[in-house]
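For the record, the sequence lines run as chains X and B.
Per our numbering: the first sequence = residues 1 to 271.
Per our numbering: the second sequence = residues 1001 to 1264.
It is worth saying that the hints were derived from the structure and are not from the lab.
Every value quoted in this text rests on a predicted model; they were computed, and no experiment measured them.
You may find that some hints are simply not true.
To be verified - Some chain X residues flagged as far from chain B (calculated, every beta-carbon gap over 10 Å):
{"id": "1", "residue": "Glu5"}
{"id": "2", "residue": "Arg10"}
{"id": "3", "residue": "Ala15"}
{"id": "4", "residue": "Ser56"}
{"id": "5", "residue": "Arg173"}
Claimed, not checked - Incomplete in silico selection of chain B near chain X, CB under 8 Å:
{"id": "6", "residue": "Val1011"}
{"id": "7", "residue": "Pro1012"}
{"id": "8", "residue": "Ser1015"}
{"id": "9", "residue": "Pro1133"}
{"id": "10", "residue": "Ser1162"}
{"id": "11", "residue": "Leu1165"}
{"id": "12", "residue": "Arg1166"}
{"id": "13", "residue": "Ala1225"}
{"id": "14", "residue": "Arg1226"}
{"id": "15", "residue": "Cys1227"}
{"id": "16", "residue": "Arg1229"}
Note that beta-carbon positions come from the ideal geometry of N, C-alpha and C, so glycine has one too.
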Amino acid sequence: MIVFEDVTLRYRPDAAPALDGVSLSVAPGDIVAIVGANGSGKSTFARLCDGLLTPSSGRVTVDGLDTSDEATIWDVRSAVGMVFQDPDDQIVGTVVEEDCAFGPENLGLPSDRIVERVAEALATAGLTGLERREPHLLSEGQKQRLAIAGALAMRPRYLVFDEPTAMLDPAGRRSVIAAIKRLAREEGHGVLIVSHDVADVAHADRVVALAAGRIAFDGTPSRLFSEPETLHSCGLALGEAGLLAAELRALGFDVPADAVDAESVVEALWR
Amino acid sequence: MRAMSGIGQYVPLDSPLHRLDAAAKLGITAALTVGLFTADGFAGLALIAAAVVAAVVVSRVPARAVTRGLRAVGLIVVFTVLANSLRWAPSIALVHLGPLGVDAAGLHRGLFFAVRIVVLVVGTTLLTLTTSPVQLSGGLERVLAPLKLLHVPVGDLAMTLSIALRFIPTTAEEAEGIVMAQQARGAVFDKGGPVARARAYAPVLVPLFFQLFRRADALATAMEARCYRGTEGRTRMKEDRMGAGDWMAMIGIGAALALAGWFL
Ligand SMILES: Nc1ncnc2c1ncn2[C@@H]1O[C@H](COP(=O)(O)OP(=O)(O)OP(=O)(O)O)[C@@H](O)[C@H]1O
Ligand SMILES: [Mg+2]
Chain X
1 MIVFEDVTLR
11 YRPDAAPALD
21 GVSLSVAPGD
31 IVAIVGANGS
41 GKSTFARLCD
51 GLLTPSSGRV
61 TVDGLDTSDE
71 ATIWDVRSAV
81 GMVFQDPDDQ
91 IVGTVVEEDC
101 AFGPENLGLP
111 SDRIVERVAE
121 ALATAGLTGL
131 ERREPHLLSE
141 GQKQRLAIAG
151 ALAMRPRYLV
161 FDEPTAMLDP
171 AGRRSVIAAI
181 KRLAREEGHG
191 VLIVSHDVAD
201 VAHADRVVAL
211 AAGRIAFDGT
221 PSRLFSEPET
231 LHSCGLALGE
241 AGLLAAELRA
251 LGFDVPADAV
261 DAESVVEALW
271 R
Chain B
1001 MRAMSGIGQY
1011 VPLDSPLHRL
1021 DAAAKLGITA
1031 ALTVGLFTAD
1041 GFAGLALIAA
1051 AVVAAVVVSR
1061 VPARAVTRGL
1071 RAVGLIVVFT
1081 VLANSLRWAP
1091 SIALVHLGPL
1101 GVDAAGLHRG
1111 LFFAVRIVVL
1121 VVGTTLLTLT
1131 TSPVQLSGGL
1141 ERVLAPLKLL
1151 HVPVGDLAMT
1161 LSIALRFIPT
1171 TAEEAEGIVM
1181 AQQARGAVFD
1191 KGGPVARARA
1201 YAPVLVPLFF
1211 QLFRRADALA
1221 TAMEARCYRG
1231 TEGRTRMKED
1241 RMGAGDWMAM
1251 IGIGAALALA
1261 GWFL
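Use the sequences and the hints to build the structure in full.
Structure, rendered in structure tokens:
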């Protein structure tokens, strides 16, 4: 479990807190989406999960380990995999498999176990066959899946994604989201995903909206989508499909509230 | 920028040269350099050049990739030949060009230096063309390992080198993007003299450096998130080691190259 207990974080002692009294927990197998307007504290939240930032007050623990404790920080970091928005900011290796091996190498694992983990992580991320490809020759979607594979190779129990699909086209976005869903559903990883995209949020079990560093909403995606004001204040916007779905719903059609992309709206109407 | 970006960039192929251990290749490249700088006649140079050409053939790297490195030093080569061979009002000259003349001994010397530069560039480019940056930095780390006794952070230096190499294409793409953005706003990069051109690039370099610093910061965070804490206690997926074949190739070829320079 990743547990936030009344966490406040100030970047500077005299500045307004970027995160203000947040309490929350994420269990293995959960997909939790974090939404909010620009500057609401989402990335700050993500960075607190693996001790890249430590709280000014309050406590963050990962499976009981305090992220402020220097002695166990590397255990925390190997338990929580982080994936950031721009894959070019996190790919260190010059070919796919070398990058994927970076984490396990840092953990000091013997070479045969690294080989095993790299093969496994690349397979999960759908990159098998591209082991010797140079990162700059990958598509954006493949690069982002490489960043995910790099995190997976450390065998984390939790994965934290900070806007992993922001730079992707719809196809790349679908492939990354599918990979993320599989990780939570089949592998039992606890997943935290920061996103600005309603389609990503629709796949979550739970949505937490931040506003000025505080939790402004905590509930299911369908409930969030049925509250247009909350949605709007989080900087989220329903696309055309979502708006159509809302109107159809108002007319009495049976369209679930979490049908926000064209595919799921069509599917709902077809039934 | 695009012309510069491909120089010496690893060409992943499977050839004996690619399979040769990076440390052995570094050793051979060092011997090549020694050979080139101790050679006092064309015979020595020719022998070394022939060996380098043979290596290019064995590596199966496309000739274009090899000559791309030469384009960058083309100006230096031309300048070397001219500076050595042209004399002001010489008494004996092969050719007279107005007050200038081409001096035979100077031409000989100029060509000698030029060949030396060309062979050196081709040889070292071949090293990076056939060795992945990770292998290269790993090899360098093993070659420089004795310096660890003097508390030189060899591992961190090798990691820095490998990351720098990894970011060359990314940075080139970024620079190109900025150039295009500036051109879209009416900036002109290819008019005027060298000074005007250099000045036109200032609005490119500033945002480029800004980008690089931002990226360096983000990369450091991402490396920390992936448990990087210096090279102490770090292991490698592919622990390269010099095999018997690597030793034999290094000592055999290295000695041949160095001796060719020494005696010819
Ligand atoms: N390194 C920093 N130093 C000082 N202040 C910072 C720093 N990083 C973020 N902040 C401030 O903290 C607040 C929260 O920032 P954060 O990056 O967590 O927001 P965010 O929700 O991720 O926004 P975005 O949607 O733009 O990514 C903002 O007011 C921001 O200006
Ligand atoms: Mg952010």
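Provide an ascending list of the numbers of those earlier hints which the structure does not satisfy. Result: hints 6 and 8 break, sorted rising.
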